[in-house]
Amino acid sequence: QDISVILDGLSSIKDLLLSNNFLYGSIPNTIRSLARMEKLHLNSNSLFGTIPDDILSLVRLRELKLSHNSQQTLCFHGTACDPYFGGGDMCCEDGFGKKVCTDELGFKMYSAFIFCLTPGLRGAIPAGFTNTPYLQVLELSNTFLIGNIPPEIGGLSRLEIFLRY
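Using the UniProt record's numbering, read the sequence shown as starting at 1 and increasing by one per residue.
Simulated from the structure, these hints should not be mistaken for lab results.
The reader is advised that the hints may include incorrect statements.
Pair ranges (Cβ atoms, derived) [what the hints assert, rightly or not]:
| hint | residue 1 | residue 2 | range |
| --- | --- | --- | --- |
| 1 | D8 | V59 | 16 to 26 Å |
| 2 | L105 | N20 | 23 to 33 Å |
| 3 | E152 | I114 | 37 to 47 Å |
| 4 | N148 | S33 | 22 to 32 Å |
| 5 | S111 | E38 | 44 to 54 Å |
For glycine and all other residues, C-beta sits at the position ideal for the given N, C-alpha and C.
Using the sequences and the accompanying hints, generate a full structural model.
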């Protein structure tokens, strides 16, 4: 299911534990409306795109788990799957009825008939974690995140677990 549909209208929720739920899509900027959020577990899904800066507006956040949101590459023959784009994202159904989606960075065309999709969180870890002073757990492993770890993460006095490899 599309992650943006699930997050819509949850402004008063404190804990959202959605690990291993076959969720896909990019984390929407509307994440900032979850002002009471303390635990956000979206690990082991098929999320893609970047981590929005808006996630740093969740000032009560204690746990943020986004690990294992890089999936294996799936290739399709153009006649077996009619890919479609929705809001800049490309989606296709695999042979088992599961929807596979990615953004433009995870799409690669190999010939007129063969293309591959590689969903995953990409880009840099957003700067600004000083806005989340209660953060104790930050899990970002097994993604396609690149670049340096923002220095302010080292200043989070309550941070007990930080995974990024």
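Discussion item. Taking the earlier hints as the rules, which of them does this structure contradict?
Written reply: The structure breaks none of the hints.
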